[in-house]
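Fit chains B and C to the given chain A structure using the hints.
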Amino acid sequence: MTDRIVGTLFILVGGAAVFLAVSWEVPFAGDPVGPRVFPAVAGSVFVLCGAAIGFAPREGARWPSLRCLLLLVAAVLWLVAYAAMLRPLGFLPTTAAVLAGGALLFGARLIEAAAYGILGSVALWALIDRGLDIPLPRGVIG
Amino acid sequence: MGVRHVAMTVLLSASMAMSVPGMAFQPTNPECIAGAAPGGGFDLTCRLTARMLHELGLLATPMRTVNMPGGIGAVAMNHIQAQRRNDPNVVVAVSTGSWLNLAQGKFGRWTENDVRWVGAIGADYGVLAVRNDSPLRSLADLMAALKTNPAAVPMGAGGTVGSQDWMKVALVARAAGVDPRRLRYASFEGGGQAMAALLGGHIQVFPGDASEVKGQLEAGGIRLLAVLAPERLPGPFASVPTAREQGVAVEWPIVRGLYMPPAAPDEAYRYWVEAIARLTADPRFMEERAKAGLFAFPSTGDAFAALAIERVSEMRLLLREIGLVQ
Amino acid sequence: MSGTLKSLSAGFAVALTPLNLALAAIGAFVGTAVGALPGIGPLNAVALLLPLVYALKLPPESALIVLAAVYYGGGYGGRIAAILLNVPGDPSSVMTTLDGYPMARRGEGGLALSITAIGSFIGGVGATVLMILAAPAIARAALAFGPAEYVALMVFAFALLAGVGGTRPAKSIAAAAFGLLLSTVGTDSGTGIERFTFGELELLDGVDFTVVVIGLFAVAEVLTLIEERAARVSLVSTPLGRSFPAIGQILHTLPTMLRAALVGFVVGVLPGTGASIAATLSWTLERRLVDRTGTFGTGDIRGVAAPETADNAAQTGAMVPMLALGIPGSGTTAVLLGALMLYNITPGPLLFIQRPEIVWGLIASFVVGNVVLLALNLPLVGLFIRILALPPWALYPAVVACAFSGVWAVNNSVLDLFLAIAFGVLGWAGKKAGVPLLPMLLGLVLGRLIEDNIRRALALSGGEVFVLFASPIALGLWLFAFGILFAPRLLQRLR
Chain A
182 MTDRIVGTLF ILVGGAAVFL AVSWEVPFAG DPVGPRVFPA VAGSVFVLCG
232 AAIGFAPREG ARWPSLRCLL LLVAAVLWLV AYAAMLRPLG FLPTTAAVLA
282 GGALLFGARL IEAAAYGILG SVALWALIDR GLDIPLPRGV IG
Chain B
58 MGVRHVAMTV LLSASMAMSV PGMAFQPTNP ECIAGAAPGG GFDLTCRLTA
108 RMLHELGLLA TPMRTVNMPG GIGAVAMNHI QAQRRNDPNV VVAVSTGSWL
158 NLAQGKFGRW TENDVRWVGA IGADYGVLAV RNDSPLRSLA DLMAALKTNP
208 AAVPMGAGGT VGSQDWMKVA LVARAAGVDP RRLRYASFEG GGQAMAALLG
258 GHIQVFPGDA SEVKGQLEAG GIRLLAVLAP ERLPGPFASV PTAREQGVAV
308 EWPIVRGLYM PPAAPDEAYR YWVEAIARLT ADPRFMEERA KAGLFAFPST
358 GDAFAALAIE RVSEMRLLLR EIGLVQ
Chain C
18 MSGTLKSLSA GFAVALTPLN LALAAIGAFV GTAVGALPGI GPLNAVALLL
68 PLVYALKLPP ESALIVLAAV YYGGGYGGRI AAILLNVPGD PSSVMTTLDG
118 YPMARRGEGG LALSITAIGS FIGGVGATVL MILAAPAIAR AALAFGPAEY
168 VALMVFAFAL LAGVGGTRPA KSIAAAAFGL LLSTVGTDSG TGIERFTFGE
218 LELLDGVDFT VVVIGLFAVA EVLTLIEERA ARVSLVSTPL GRSFPAIGQI
268 LHTLPTMLRA ALVGFVVGVL PGTGASIAAT LSWTLERRLV DRTGTFGTGD
318 IRGVAAPETA DNAAQTGAMV PMLALGIPGS GTTAVLLGAL MLYNITPGPL
368 LFIQRPEIVW GLIASFVVGN VVLLALNLPL VGLFIRILAL PPWALYPAVV
418 ACAFSGVWAV NNSVLDLFLA IAFGVLGWAG KKAGVPLLPM LLGLVLGRLI
468 EDNIRRALAL SGGEVFVLFA SPIALGLWLF AFGILFAPRL LQRLR
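Chains as they are written, first to last, in the numbering used here: chain A, 182 to 323; chain B, 58 to 383; chain C, 18 to 512.
Pulled out of the complex, with its shape left as it was, chain A reads as follows (with noise of 0.2 Å):
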């Protein structure tokens, strides 16, 4: 099953490739080759692999269990909300919030997991902030 989900995946994604790269119009090229043809030929490789691995599936993936999958989803989204919340809140609320939550999930204890998360974002924003001089968002800090 899971061969043939990758390899149809695979004819799709390339399929889209091809038929994106096909499609742009290039105003003039300074060259015989042009922009096209590597992707177009790249996405096509691409496109019969995905058939040779969907048509003729060997199996032996094991997929985790849905408790799993949802533990990994959350952790997925938390990653995500501090991609979108670091601009906005700013760095140092944002890197103790991903650092604390990392830290339950990987079995930390409430008070450690506090600690570390002020501690270790401090420590990142003085070493880029300060050291580096690299400013980093301050969001609702100011």
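Simulated from the structure, these hints should not be mistaken for lab results.
You may find that some hints are simply not true.
[Said to hold, decoys possible] Label pairs and their in silico Cβ distance ranges:
#1 V321(A) - N170(B): 31 to 39 Å
#2 R239(B) - A179(C): 22 to 30 Å
#3 R121(B) - L395(C): 30 to 38 Å
[Stated by the list, open to error] Sample of chain A residues with no beta-carbon within 10 Å of chain B, all distances over it, derived:
#4 C249
#5 R268
#6 A295
#7 V303
#8 V321
Predicted model, so just to flag it, every value in this text is computed and none were measured.
The C-beta atom is built at its ideal place from N, Cα and C for all residues, glycine as well.
Structure of chains B and C alone, referenced to chain A:
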């Protein structure tokens, strides 16, 4: 530890800082956005300006540089428009390359009228370089060769077709009555690799910038057919004629400057214009700017805004004529 | 030659003053620390520290010594996380994870770190010696490499790579094809049109390799660990083991290191290739040459030594065209070139004549920098591997937070963080579905070089395909590539 030490020393070495006197507005936590990775031209613009503004006492708090690479400033422009439309404490590095991309509509929906142009800090100039053993000895030679057979003059530079580097030769080709589309042009990964290809004989003409060919010119590895400046350039370039001297009205200054968000308050705008005007008039800044390979290009405030808008619309016309945009 | 020796000893006199030695040590340490932060490589380390160094108003040779030490230190820092945590800090240490991480899992992380420190030293010093012998001549020879020769070199690299990783060829090839597709995202360098950007301005410059690496390694690794934890596979804390290689082990890897130093230096000198290509070529070449038992990729000490030696040798090699011709062959040397110009020094053929004290001081400082780095890092190995003694709850969130902060600091792009997460999910799913990740990364690294150079070559020749095989260098590389691909099978047939 080491970094801290360095940072501390920097802080301590800052003299008793003043600011532009007689101004109501004073920036807090000023930032300069460089629309490219550390080390590029935008980065240079920001860091040179920031350092010298502080050293000359024109800015009380040190200005910090933020790198926001993408599309020759397109990402930075988008960031300014979307998030900081009225921020009085931010300036953004800009160059002729950004103007060219604005003219091609590569800045999303933003145009040259969507920002407040502060001023130029300097300029570099386009040059046409050949290897020292090249049969091409003047701009006329190059134009004649292009007229006979453009395919016989392979050329290349760091920019793509439609970039500044390409425009330099396209303008020359057009002046010679040759369709720029027929040029045999390859784009390389940066001017350094194009220079290597020129020295290695893989290309015959390298339309680069004055600052990037200086070393090879002094060493005699290359010759310059022309500088694309209104007047001759100083130093090792003094003996190189301009295109205009050779009867070809082609100039290509690579202006480096700064702009502010569209809704920046007037007093903040006046402050930054005044600061850049004083900065670029200071001999100490001129010395540091020369080290960075840039030449003088005095233009601030309204004059700079007029220049930016005029240049972009010129380019738009030009690109349409060449057929690069519809 | 005696002139060279005299200049070199004068150079050492400059590099060995107490101030410059101390600066080299500080630079090496700071470079290592900054480079260890995933997402910030030697390029960023040098570019970011340059203004600070300039502000200190040091004399030019001292400033260059600091920057050179930062440059080497940054390269070394990248491998710490690569070996211990399977998170390469910069593109060129991706190959180091292949054997470094398995070694760390076996409790030989300290050993791997020590060997890379020694390998880097040999790579750096070996390349410096080659540079002293014939920098200007080598630089001129490198100019013979034009677009056609680069195409041949990339084909050669691909031939070496054939058969690396993965049990099912269709999946490996698919992964490589996906990498090639990824390499085309952004503004096309030939025509300036946008490819696969979907109107997203932040994709105009393409997908940052560092972002992909952070996703595929750091994020995917953490996802895998969460899964293992949920499945109640106990996270075995890795044994720390001994740190210092036995003399026998050093002798065992020495031929590999010497070859890798040569390969790295040559690849580094070419203006169109960089340290990642050097590391890739060197690892694959060693696998072909010395791996008789199939241990490369499972924690072979030579598999760690090869890419790291080549990486450092390439970093040094890249200085040759920069110093001798004023041509920056890599992003980092472009930054160093800018640094030289700040001090009114114009690199190029005249530099060796006009400012010998700068050239030889710098070259001597490469040697000194490498010695300092070795002296600094061997004792610190014991400290570095203590990272693994941290409880998992402290270690893994920090890896992700460091990686994300590093990416953010360099690009200031929310999209880059989203991409890193997406690649993390992709990497995790790829592992599950048996799709190897390495071919994808190599496709991403090599793809741009191949496409650009093919199109450059054909643009300049006006479409004559023959130019690709026209020069002796190109032809030789093509023949080597075919030999590697078909010779083993041909020999089998004959038997």
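Comparing the hints with the structure gives:
1. As the Cβ distance of V321(A) to N170(B) is approximately 34 Å, the hint placing it in 31 to 39 Å holds.
2. About 40 Å separates the C-beta atoms of R239(B) and A179(C), a value inconsistent with the hinted range of 22 to 30 Å.
3. The beta-carbon spacing between R121(B) and L395(C), approximately 37 Å, falls within the hinted interval of 30 to 38 Å.
4. Against chain B, the non-interface label of C249(A) holds: every CB pair exceeds 10 Å, the least being about 37 Å.
5. Distance check for R268(A) against chain B: the nearest CB is about 7 Å away, which does not clear 10 Å, and the non-interface claim fails.
6. Residue-level check passed: A295(A) sits 26 Å from the nearest beta carbon of chain B, beyond 10 Å.
7. A cut-off of 10 Å between C-beta atoms confirms that V303(A) is not in contact with chain B; the least separation is 14 Å.
8. The Cβ of V321(A) lies farther than 10 Å from every Cβ of chain B, with a closest approach of about 15 Å, so its non-interface assignment holds.
The structure does not agree with the numbered hints 2 and 5 stated previously, though it agrees with the rest.
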